[in-house]
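Asks: Each chain, written out:
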Amino acid sequence: MPRVVVDVMLKPEILDPQGQAVQRALERLGFDRVTSVRQGKRFEIEIAEIAEPAGTRPGSAETATELARDMAAKLLANTVIEEFTVRIDAAEGAG
Amino acid sequence: MPRVVVDVMLKPEILDPQGQAVQRALERLGFDRVTSVRQGKRFEIEIAEIAEPAGTRPGSAETATELARDMAAKLLANTVIEEFTVRIDAAEGAG
Amino acid sequence: MTRIGVVTFPGSLDDRDAARAVRLAGGVPVPLWHRDTDLAGIEAIILPGGFSYGDYLRTGAIARFSPVMETVISAAGRGVPVLGICNGFQILCESHLLPGALTRNNHLHFICRDQRLRIESARTAWTTGYRPGAEIVIPVKNGEGRYVADPDTLARLDGDGLVVARYLEGNPNGSVADIAGITNPAGNVVGLMPHPEHAVDALTGPGTDGLGFFTSVLRGLVRA
Amino acid sequence: MRDTVEIDTVEQAAASPKLPQPYAELGLAQDEYERIRTILGRRPTGCELAMYAVMWSEHCSYKSSKIHLRQFADKAPQSDALLVGIGENAGVVDIGQGWAVTFKIESHNHPSFVEPYQGAATGVGGIVRDILSMGARPVAVLDPLRFGPLDAPDTGRVLPGVVAGIGGYGNCLGLPTIGGEVGFDPSYAGNPLVNALCLGVLRRDAIKLAKASGPGNQVILYGAKTGRDGIGGVSVLASATFDSAGFGAGDGDGEGNGAGGRDLGGPAAKKPSVQVGDPFTEKTLIECSLELFERNLVAGIQDLGGAGLACATSELASAGTGGMRVWLDRVHLREPSMTPHEVLTSESQERMCAIVTPAEVPEFLAICEKWDVDAAIIGEVTGVSPAEAEAGGRLVISWHGEVVVDVPPRTVAHEGPVYARPFARPADQDAVVADAPSPGRLARPVSADELRSTLFRLAGSANLCAKTWVTAQYDRYVQGNTVLAQPADAGVIRVDESTGLGVAVSTDGNGRYTRLDPYAGAQLALAEAFRNVAATGARPLAVTNCLNFGSPEDPGVMWQFAEAVRGLADGCRALGIPVTGGNVSFYNQTGDVAILPTPIVGVLGVIDDVARRTRTGFGGVGDVVLLLGTTRDELGGSEWAYAVHGHLGGLPPAVDLAAERVLADLLAAGSREGLLSAAHDLSDGGLAQALVESCLAGSVGAHIALPGDLDPFVWLFAESAARAVVAVPAAAEQRFTKMCQARDFPVARLGVVGGDALDVQGQFSISLAELRSVHEATMPAQFG
Ligand SMILES: Nc1ncnc2c1ncn2[C@@H]1O[C@H](COP(=O)(O)OP(=O)(O)O)[C@@H](O)[C@H]1O
Ligand SMILES: [Mg+2]
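Protein sequence lines, in the order shown, are assigned to chains G, D, P and H.
So the first sequence is numbered by our numbering: it starts at 1 and just counts up by one.
So the second sequence is numbered by our numbering: it starts at 96 and just counts up by one.
So the third sequence is numbered by our numbering: it starts at 191 and just counts up by one.
So the fourth sequence is numbered by our numbering: it starts at 415 and just counts up by one.
Treat the hints as calculated values from the structure; they're not laboratory data.
Not one of these hints is a red herring.
With a Cα cut of at most 35 Å, we get these calculated DSBU-like pairs of lysine-lysine:
id : chain 1 : residue 1 : chain 2 : residue 2
1  : D       : Lys169    : H       : Lys881
2  : H       : Lys432    : H       : Lys480
3  : D       : Lys136    : D       : Lys169
4  : G       : Lys11     : G       : Lys74
5  : G       : Lys74     : H       : Lys784
6  : H       : Lys881    : D       : Lys136
7  : H       : Lys625    : H       : Lys489
8  : D       : Lys169    : D       : Lys106
9  : H       : Lys489    : H       : Lys477
10 : G       : Lys11     : D       : Lys169
11 : H       : Lys477    : H       : Lys625
12 : D       : Lys136    : G       : Lys74
13 : G       : Lys74     : D       : Lys106
14 : G       : Lys11     : D       : Lys136
15 : H       : Lys639    : D       : Lys169
16 : H       : Lys639    : D       : Lys136
17 : H       : Lys639    : H       : Lys477
18 : H       : Lys784    : D       : Lys106
19 : H       : Lys784    : D       : Lys136
20 : G       : Lys74     : H       : Lys639
21 : D       : Lys106    : H       : Lys639
Some but not every residue of chain D turned toward chain G, in silico, with C-beta under 8 Å:
id : residue
22 : Asp102
23 : Phe126
24 : Thr130
25 : Gly135
26 : Arg137
27 : Ala143
28 : Met166
29 : Leu170
Think of the CB as a built atom: it goes at the ideal place given N, C-alpha and C, for glycine as much as any other residue.
Isolated chain G (complex conformation) (with noise of 0.2 Å):
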């Protein structure tokens, strides 16, 4: 069962508050090496490998990459403001 991960983060030009407030809280641990954090959403899908016309081969890493895609640019992001990736997850996709 392919494993998707839909990465959602803001486009650069958009403030982004929680990462600033993030940053500062880590300057304020000491961190102070850190000079950007942008803060994002990380989905991680299953899908469910289904029977596929002849010819492709089935839950093929391709196939859900692609429903992923699908998925984000529908519900997941809102491309107005947040662009996305998507992959397969290395550790169980296909990959």
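For this one, chain G is given, so just place chains D, P and H with the ligands on it according to the hints.
Replies: Quick look at chains D, P and H with the ligands alone, frame taken from chain G:
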């Protein structure tokens, strides 16, 4: 300048209302092959290189990773309910 | 009597308050369920405040796919007045009926307070009852009310007079250009972060400054 | 996989009487364990043992407090208003016109220390379900909170998390937060107090009870799916102890009862006691339940809280016909590998259990479907033979066809152990009381400058400063019925829009007073809440409480507890208002050091027309400011002694409940006749603090002249009880003063409202702007 990524997810046995809500929404949108969704946080952290004592690789991946691990345990993750993974961002890090 | 639909999504909270405001303004509130797709006899629509679907993903992101929204989107296209308050505004942005997006407050806290606003446009279906430049006080209460949009969109909102209201005396959430509400070019769709429905009765709100949104639309519909 | 797991069945239990069982690790004493064996006539199964252990824990059984709490019922004043009293999920009070309200406080102290956000959030969720289970719509929340010192590093972790958690959950449910408290003392540093009060409204003929009656009726579990949340949480079990105690299949004893978890990554990982709240699911659960109630589809209902299904099934059965059959494998699980005892004791949030007649099941399920609420029929009410009834009923629970529980539910739910724990006045009590804050002991401010700076110091102190940083994170407006909320003396909610009928609620508690004299301290908490409610113009009707104390095994703590309960029960009788319910939280301590004993008292009052409510803040310029009540040199346990000198000693202010009654009556009459433009009770910080708050709330100053018969310091900072400041329009002054005189109640003219400063003649004048900045800066300076 190394960039580390810290992924923070709820421990598997902890209720994840966000992931559940996303999963149900995906189902309603017709993504019926999705069997599970977990939602977590992703931090992208830039760390400045420092002059290091002779003999260590400057700004080495190990150092940045260790630093990030420390940050995650102290602040980024609430280890009572969350777990984290740390890695150097392939795109920019020393890998 | 003019019938105004008030949509309830799972997790809507201020739906009964919006209905009360419609009633106090002289209209007939009609409850709509998020699965309803028939808006027969409904002359205007309110998407109320709350946390639809918990707002766990992004505010308004899941509600935007409710069956009722397709109908709302097509009604908006036909010029039916639509007011999105708080979560409703967020849903309107997620549905692309209004540009931009609403994001986490810059101070990262939920904030509930009485807020002074300036009405910037009295030309929308929901604000004709106000004098342009009028200052009103109504509650604001949100965790994700910081309006953002790209520079082109902002320039267009400004240039075309599409900003409906701005925050005065302190921006409660870091909203760009102090924007509290915007409208579409046709002026029938309005999104507003603060809550006019909680300022319709001096006993339970900071005053009655919010009533104008509801009387405006009712007067417009009667005239039409 | 499941068939490879060995389940400890009743049959096996009967066949293996000698098997050693881990009762001690589960928190049961040996005699308690023996009693279970006697009740059952055999050893308990693993599931039964877990069930008794959790239900006989202090939290669920009240075994240490029961003998004291009885006084609340025994001494209860006669009240026609009380529809449901102590013992149900929450008390119900008749407020007239066919309306009733229900309210109750609960604590979530320990979970909030471990995980502040989720601990506080799930605390709100739990009390809301209690209120819902009475058949009521939850309409408001109040949150009494206590933390370690404001500037302690851990307070920086705990306080913002707790506040965000209460707001995050309450706001998302659409419940206005209308009051509460934020207090600080070093004794709470390792043990904050997070109490939450919920208020609900219902028609008086629509009360629901937690009863499973009518054989054949179905038991439906609805709401969230069941997961491994907080298993054993209420009996304060470390999960590692729970597991290594022989419940795992791998232990080689053949009695494995928890095999499924082993391969999931170790005991600690599999039984988290921290729970994550899901307010969206709770919101749909509320709306779904209210629709079920409205259609009359519910014959009995119980929320799931501590001890989960173990509690809900045994309590429902015990309070009803007595018989119930439960098929535990029908419970919808979040994690399929859960074992029966995990399912039975899981504390997964956002669940309810309803008793439904068979004919109404389809409609019930259809409404759940409408709200996207998960529902499963998990059991059935059964008849009991006379012998079974005599023994306490019969609850039979099976797991995939095997019986894992067969117990008399009354012995689980209602006939747990009861202890008369030893108590003794602490050895240091006399010394503490002897150390009174006399002028010789603590230096008092004398000059005008000293008085002025004392006022500043107190107005900006942690306990007395403005709490806007906290309360701005709470939605006060949602539901559109909030007539008064913080910083008003009490929250006021409109119940009936057409008639204006409403209720007022306030919570109060003072750990320092209670430390000095627990009997009086509890009464002072009661008196303050009573006075706060009266100040809004409402008539006090009923009481709830949350008793936060240290370990009951410490005789000194037990003495504090016993005295406080006695004081509260006597006080309620004297004030003529009954206790309707509450909560006890023991073991609040860091190491051996207990918190200040902190009974929190909630008082509910009724107001016939909320349009007549009296505001806290001064309004009309020229209104006359009057002080009602008697001021004495009472500074023991005061905010002044604490904030300026770090001192706690002497006796708290005298309690005069007869005077409190007269004062409340005056405040109600003043509101009814429209004589009062403002009223504010006096409490911590005395007259000075009350004037600061009244001026700031109304954004207007006052010209005050202190009467000459007492030291100005005593006038300004003493904390004598049974006092209030009121403002009356000049034209009404005489009439109101006459009302006071007719009741023989002391009234003194202090001055008039007006200007933009608090001006105390011959002493000092402080601009409102300066006052405001001192009063409001403290919390933002600490928390950003
Ligand atoms: N945690 C809180 N949540 C909501 N309201 C609060 C909280 N803490 C304090 N308040 C409100 O602030 C006001 C002042 O609090 P407090 O000084 O404790 O009042 P009082 O002295 O009348 O008991 C009251 O209205 C109280 O309800
Ligand atoms: Mg008060």
